[in-house]
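Engineer: The lines below spell out each chain.
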Amino acid sequence: MRIGGLAGAGGPLDPGNVTSVLSFLAINSVFEFPALHGDGELEPGVAESITPNGDATVWTLTLREGLLFHDGSPVRAQDVVASIAYMGNFETSPTYALGWIDVDWANLRAIDDRTAEIPLLRPRADYLESVFAVFLPIIKEGAPDFMVPVGSGPYQVESNDGADGVVVVRNDDWWEFKPAVERVITVPINDPGARINALKSGEIDIAYQLPPAVVRAEEGNDDITIIRSSLGAAAMIFSMNTSLPPFDNPEVREAVRLSVDRQTMINSVLLGQGQLGNDLVGLGFPGYNDQLPQRTHDLERAQALFAANGISELDIVASDIAPGLVASAEVLAAQLATIGVTLNIDELPADAFFADIPRLLSTPFMTMYFSNRPAAVHLPQFVGSTAVVNVTAFAAPEFDAAMLAAQSTADAEERLQHLLEAQAIEWEQGGTIVWGFSPMILAHSPKVENVKVISDGLIEFEDLVLRA
Amino acid sequence: MSSGLTYAAMRMASAIATLLVVSVVLFAAVDLLPGDPAQQMLGVNATPERVEEVRRQLNLDDPAPVRYGRWMWSLLQGDLGESVRTGGPVEQIVARPALNTAVLLVAAFGAIVAVALVLAALSGVREGSRLSNLVSLCALGALSVPEFIVAGILIAVVGLELGWLPAVSLVPIGGTPLDRPVILVLPVVSLAIVGGAFGARLIRAAVADVARMPHVEAARLSGVPEGRVILRHIVPGAIPPTAQVLAFLVPFLVGGAVVIERIFAYPGLGSLLVDRVSLRDAPVIEAVGLLQASAVILAFQAADVVGFLASPSRRTAA
Chain A
104 MRIGGLAGAG GPLDPGNVTS VLSFLAINSV FEFPALHGDG ELEPGVAESI TPNGDATVWT
164 LTLREGLLFH DGSPVRAQDV VASIAYMGNF ETSPTYALGW IDVDWANLRA IDDRTAEIPL
224 LRPRADYLES VFAVFLPIIK EGAPDFMVPV GSGPYQVESN DGADGVVVVR NDDWWEFKPA
284 VERVITVPIN DPGARINALK SGEIDIAYQL PPAVVRAEEG NDDITIIRSS LGAAAMIFSM
344 NTSLPPFDNP EVREAVRLSV DRQTMINSVL LGQGQLGNDL VGLGFPGYND QLPQRTHDLE
404 RAQALFAANG ISELDIVASD IAPGLVASAE VLAAQLATIG VTLNIDELPA DAFFADIPRL
464 LSTPFMTMYF SNRPAAVHLP QFVGSTAVVN VTAFAAPEFD AAMLAAQSTA DAEERLQHLL
524 EAQAIEWEQG GTIVWGFSPM ILAHSPKVEN VKVISDGLIE FEDLVLRA
Chain B
-8 MSSGLTYAAM RMASAIATLL VVSVVLFAAV DLLPGDPAQQ MLGVNATPER VEEVRRQLNL
52 DDPAPVRYGR WMWSLLQGDL GESVRTGGPV EQIVARPALN TAVLLVAAFG AIVAVALVLA
112 ALSGVREGSR LSNLVSLCAL GALSVPEFIV AGILIAVVGL ELGWLPAVSL VPIGGTPLDR
172 PVILVLPVVS LAIVGGAFGA RLIRAAVADV ARMPHVEAAR LSGVPEGRVI LRHIVPGAIP
232 PTAQVLAFLV PFLVGGAVVI ERIFAYPGLG SLLVDRVSLR DAPVIEAVGL LQASAVILAF
292 QAADVVGFLA SPSRRTAA
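If you're matching them up, the sequences are chains A and B in order. Last residue of the first sequence? That's 571 in my numbering, and every number before it is there in order. Last residue of the second sequence? That's 309 in my numbering, and every number before it is there in order.
In case anyone wonders, no lab produced these hints; they're calculated from the structure. Quantities reported herein were computed from a predicted structural model and do not represent experimental measurements. Among the hints, erroneous ones may be present.
What the hints assert, rightly or not - Derived, one-sided and incomplete: chain A residues facing chain B with beta-carbon distance under 10 Å:
no., residue
1, 105
2, 107
3, 122
4, 283
5, 284
6, 288
7, 297
8, 413
9, 414
10, 452
11, 459
12, 460
13, 491
The beta-carbon is built from N, C-alpha and C at its ideal position, and this holds for glycine as well.
All chains, please: the whole structure from these sequences, using the hints.
Structural biologist: Next up, the structure:
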């Protein structure tokens, strides 16, 4: 089985520092999580149980019996502790360490070989779905060699060569079942056009992550199957900084929201291959607030609001960090022009967009994208006064209080209500316009069966079947 | 010291000086790329403190001349540094793609030379003939089409529609392109069509210039057979300008390979360069840039030497 995709820099398969989507796929097949978000619901992983104490300040994780790493050594609670220490360290895991900031490091410990105790500095009743299932691949204790890493997952690394890709082979000792495909090779093909050509000419079996324009040309081609998934989709966004003029004025934010013709955006930018957004991330995941009314397009009211606030010109920074964002700004400019508002577009190269975070945080209006993740995972990272990358600078006290309650309330139903409330506050007062979701698109040959896209747009190699 | 050795020493000195200038320009260009490499490395969630720490580790706060000096010093000791993305040694990252690109370029260069020389000789010897005009016209046509369009057409027709050749050029795991030479055909043809046309036109002009010279006309008027005129009088005179034209094809090929490698997913230096520019992996970008510049400089030096060896004054002296 050969999977072609974006390879980035290749290099180590380090769960703390994932360098490309292809590495991410391989890492996901080599390392296991205590539990996994799967296709929306939480699925079991290597943990037999993960339970909080009464006020959710101490979590106890018990491993399944008889788990083995690829080198034959047992998976122990000490490895869980080492993995948390690795993933929670900003030096070894710059991207994910933030997820672990509530851990009481001094008292983190393994009680016995199968049981780890994770004490927290504050109650976090949401830790299973927000942290354990997202930020905890189990890494073997000791200095790990991430070029050819040892994990406990359904596949083990046979070779890892940046130029050629990664070869993983089936782990016949895996605890859950015997995967159908014996060997999976990730093939670096960075150009999406070359990816689909490689699939069509039989050089690869799955072309992973394709832009809408590339697959549109393949509609009606019976030799390939196209899959579009909202799990792993990109939330396509106009981001308004609520602390900077003119977007510190709620009426201006409202006027921009009303100007956006979301369906036209999807039709023209995503070539009709997308889902309507309602200014929230997490569509399709548990905890998404689908009770809020769908935002509508009302140019007349938008015009009145712009006029009342003396706005006839706006500036936006646009960048194709997800394909189509610059086009979305152009479509918005055309929509605003019909009501006499000029939108000046300042285009920034995609590779420079995230390179200057202070600039990002002080830009009044810009295009943006977020990976579509559960609201409980997304919101604490990007919204509210404790978020590190709060691009809209939205941090109302009532939002913080709702989010805190959504994290600390022990009762799951009550916690959900707080999470829905936090989303409603952000929807009402925030600066995020999610106009649509650009789906995670992949294509595969008819020989491949059972391709399931899970959260983060990953596919699990152990599910795949390859017919002769 | 003989004139030949003096000449070689002068060429060597000029090559080193050119390479030094290129290294300064390259370093400055990479330095001017927008964005902070430390932030790029750590991602959007990194704390400002951690970004600052990595900036210090990478010496990014030092003035540019100091960093350039440090880079050159390591380079002179044969150390290309480490990738800021993966931490791997740059030599290792660059080695396989460099070999793959070398294979592609040598094959493409060979094809171009063969095509260009045959066409140019056929059309340049008898300027104004029907064959000469036809070759000129075809060459002009091929020249007007960028190589990525040529590649796209070849992929669509030969690769996907007819299925005769692979539509992408994936190198076998752990192997080289020569383990599966068929993957080289379409990229080489894409480069050779445009490069060959370009070369043919220039070489044809050079050959025509020589063919118009009085001594060639005199030989023809004296009844020397045409084959002998070409071999004895035209070819030797056309060697120095032809060597220069072929040298000019090298930068064209190096640049063209960047596009072609990406379209065919061929794992060469061009693909590596494009990927690492977007990742701001300065040590790798600089190493690839230097390798490409060295290839171009070497080609021009070789052309000069060939021109020197073939020059009539030298042949007379010998």
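Engineer: Now tell me if each hint is right for this structure.
Structural biologist: For each hint, the structure was consulted:
{"no.": "1", "hint": "105", "verdict": "holds, 9 Å"}
{"no.": "2", "hint": "107", "verdict": "holds, 8 Å"}
{"no.": "3", "hint": "122", "verdict": "holds, 6 Å"}
{"no.": "4", "hint": "283", "verdict": "violated, 21 Å"}
{"no.": "5", "hint": "284", "verdict": "violated, 16 Å"}
{"no.": "6", "hint": "288", "verdict": "holds, 7 Å"}
{"no.": "7", "hint": "297", "verdict": "holds, 4 Å"}
{"no.": "8", "hint": "413", "verdict": "violated, 34 Å"}
{"no.": "9", "hint": "414", "verdict": "violated, 30 Å"}
{"no.": "10", "hint": "452", "verdict": "holds, 7 Å"}
{"no.": "11", "hint": "459", "verdict": "holds, 6 Å"}
{"no.": "12", "hint": "460", "verdict": "holds, 6 Å"}
{"no.": "13", "hint": "491", "verdict": "holds, 6 Å"}
The structure is inconsistent with the numbered hints 4, 5, 8 and 9, although it conforms to all the rest.
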